[in-house]
Amino acid sequence: MDFEPTSDLVKKDNPQPKEHSSHLPWVEKYRPILLDDIVGNEETISRLKVFAEDGNLPNLIICGPPGTGKTTSILCLARQLLGAQSYKEAVLEMNASNDRGIEVVRNKIKMFAQKKVTLEKGKHKIIILDEADSMTDGAQQALRRIMEIYSNTTRFCLACNNSEKIIEPIQSRCAILRYSKLTDKQILKRLLEVAEAEKLSYTDDGLEAIIFTAQGDMRQAINNLQSTHNGFGHINSENVFKVCDEPHPLLIKQMIDNCLEEKLEDAIKILAHLWKLGYSADDIINVIFRVCKNAQMAEYLKLEYIKQVGLTHARISQGLNSLLQLNALLAQFTKIIVK
Amino acid sequence: MKSWVSSAFSDSAFANTTKPTRTTRASSQKQTLSNLTNKEPKAKISEPFNSPAKKQKENTLSLSLKYEPTTRADLSVHKNKIDQLSNLLDQIISKERGSILLIEGPSGCGKYITLKVLCKEKGVELVEWDPSNVNLKSFDLQIDGEYNEPYESQIKNFSQYLFKSSRYESNQLFNNDKSTQNVKKVMLVKEIPNFAFRDPKIFVNLLNDFKRFSKFSLIFSLTQTTYSSDINPQKIFPTDIRKDLKCLEISFNSIANTFMNKKIEKIAKMEHFGFVDKKFLENLCSTSNGDLRHAINLVELTSTGHKVQFTQKKISKTKTGEAINFDSGSKDANYSIFRGLGKILHRKNVDNNFEEFKMPKHLVQYKRPVLSADPEDIYDKLPLSSDLILSYLHQNYIDIFNIKSSSSNFDCQFEALDSINDSFIMSDIINKTSCLFESGTNTGTQEARLKEISASISIRSVLFNFYFSTENESKSLWMPLFKPFNSKLIEAKLKRKKMARDFLNLAIENNSNMIKYLIEMNKEFFIELIPFVQLRSTMRRPPGQQRDNLVQMMFKPEFTQLFSKCTKTRSNQQQTTENDYENQQDEQDENVLLNENKPYKKESNVSNSANKGNYEYEDASGLKIEDFNF
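Heads up: the protein sequence lines correspond to chains A and B, in order.
Residue numbers are given in my numbering: position 102 of the first sequence equals residue 102, and the series is strictly consecutive.
Residue numbers are given in my numbering: position 541 of the second sequence equals residue 541, and the series is strictly consecutive.
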């Protein structure tokens, strides 16, 4: 039975940046160590800070979209609460890559919950279950009991994307924190910090492009920044879209504008061009939706356009990913205008 | 903490042997780093392992455990329910021959606590089945082929639990202490073992045997779940099996607001939180939904570090728009459900000027003032999934629409409703399409995107169509919000997911008729909408006019036939098998179909018949939207 899961895990989570910084993904390299460094969701983080100081952490569920700092904030919290040394002893971290069937819950998690670690008053061992929504209902059911029995020595922190996939008895035993998507401003701030630290050459539109492709996901933003830097050495919008392999949103925007001006032929030309470049229908519809969403246009038109995008998207998802479908979408766009 | 539990683990030899080595190693490291956490590494080794950690850590208990009721007077459950359960307990204790009692209720309603308190009062020992004990107790070496790991099947473990008790006076699961041997025992299962969900028959057979042979009584404490259909107790105990096993039943309701208020006030007093504001309690009650444990957890979360959290000062802050958001456990950028829905159902503009975009002449009438909130942003911040948003909107839009549009002309109203219905249907189709993909796989992003589009459509359509000239809108307008009635549909989601997969295979073969299939697949939802849509379409649409979108298909003869056929078969079933549970649900569905325009009211007969279902409106009806200060 594996009784020392924590020791090797901590090595992974506490990288020594000085030694081999060049090999580290920036996401890891610039992962915040302290709760103060975490970007966004200030209210929630400030609450966590109180727990980091006072202890008496309740069982927590943190849910929110990817790349908003759920795991990071739990790790920071555990580190600040328990101190780097007890962290090794008193934290068990498991994510979806670990096997988390009922057996594991019964054995590994339970063993850890039984383990005796002496901590300061008001501090508890912490079991971190990342991506808890991928646990089966049965495993969650088994968890609920362990949560109850060991509640005076062990606390659980669950991170998930979708709190509905956590069964109700567990939700009832936890305080639920919700994280929301990061704003563009917050991501920009962080990107600028990274760019500064790595001495990158960048243009403003390059960073804007990264923010557009990331959609509130900090992890993706930083990954894209790094891959653009590694690939081209300079960050401008063209390079970013090349790296991310997305149709350029400006082209898509022009295409939609053409539809709005009843110039269907021009719109179809742009679409044909994109198709020739090798973008799949899925890539294109994705960008069309995002551009539509952010476009400056009348509310009525936006509603109707999004409806059409949705239908086409549904068809594409089911396998109808032909150029014809996209052409039909453009035709619908124009039709709404023409009457 | 129950004594038998801690004793079961504390003498596991394993923990005793490994512990010292670990701690010494840790302590040596600690000295070098002079960490604050452990100043006396030796103390913990000398500390007797068996001593309960409880006394030492008294003040680190979470509030919900600290204030766990120990007497009948402390319980926050309705007095009648306690008496009822007490009677049932007396009944099964005196009978003492394999009777089975089912206690049901939503989580956090005090099922287990009430039972515990009553058993203590009656001097009955509760012997709980611990499924997590499987691998630690009584290893059963099965050496078949390569697989020779110590392993014991859960079925065996469970049947041992059920039957050993009757064979021996005190089996290993029971406390071996001699003094407790004369105490009456009742067996408790809080968690239905997993094998029961895979194979209900084995489970039922076991219970049947239990009824025949056992000396003891068995109590099931079952959590009613709304969403997770995988582990729904209803699956294991359908009505006929309950009858066969002659189960005694009692079902708890979620905790009433008055009880909850009292409890929270008491805790606040004991913990010196200071003055508790009424509004705070109101919010708390509405968001915790009758789940007392969750409410206390929320109190704990909000109170930590801010001992005077609930004072008047805090409330005045909420007035300025920074609402305390218990729904998300703390106040942050998210909305509570009611606030978020309110933002959708009560359109708010930046000012009264119309947007300045160019519009073709025939569309000028659709110009709207600029919205103050971004619809997609609302979706991001609402803690609901897209299908729930749709269900909520569908449940609530008609009431609010009736009030808002009361003074506008007939044509306008119809057009708006038409558009909303189109959008809802489309939103639902897109949403259900997203069910084709498993989340977590590569297509997970696609699923999320489709969901976003779906939510975007439903939210935008309501926002767009709920625009009427503002002069008739009274300022003090408030409407209760109701929980979606079609929660049955949400439960059917899993079933539908499978259907969707089948559909996908079909679609690949024959993709020309795709949308038509889609509609058929989703007919449940459409059927609910149709009576309304259909009525309007016959009244309003001039004969020649054709609609070039999806809804048109719904007016085709095949579809209306399908619909009438469905309703007929439903009503027939109702007459024949009145008591069947499934039909009860259908019946309720029918109610909604027919009375869509009437606000749904809590009716005693409905709530009675829905005891086994998941319909609870009590909580939602008491809430005023106004409270949330849009």
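In case anyone wonders, no lab produced these hints; they're calculated from the structure.
Check before you lean on any hint, since a few could be wrong.
[Claimed, not checked] Only part of the chain A face toward chain B is listed, based on derived beta-carbon distances under 10 angstroms: (1) 151; (2) 309; (3) 315.
C-beta: ideal position from N, C-alpha, C; glycine also.
| message | Less than 10 angstroms between beta-carbons is the criterion; does residue 315 of chain A satisfy it with respect to chain B? | response | This hint holds: residue 315 of chain A lies near chain B, its Cβ roughly 7 angstroms from the closest one there, short of 10 angstroms.
| Can we keep the residue 151 of chain A interface hint, with Cβ of chain B closer than 10 angstroms? | Holds: closest Cβ of chain B sits about 6 angstroms from residue 151 of chain A, inside 10 angstroms.
| Given hint residue 309 of chain A near chain B, where the shortest CB pair must fall under 10 angstroms | 6 angstroms, holds
In summary, the structure agrees with every hint in the numbered list given earlier.
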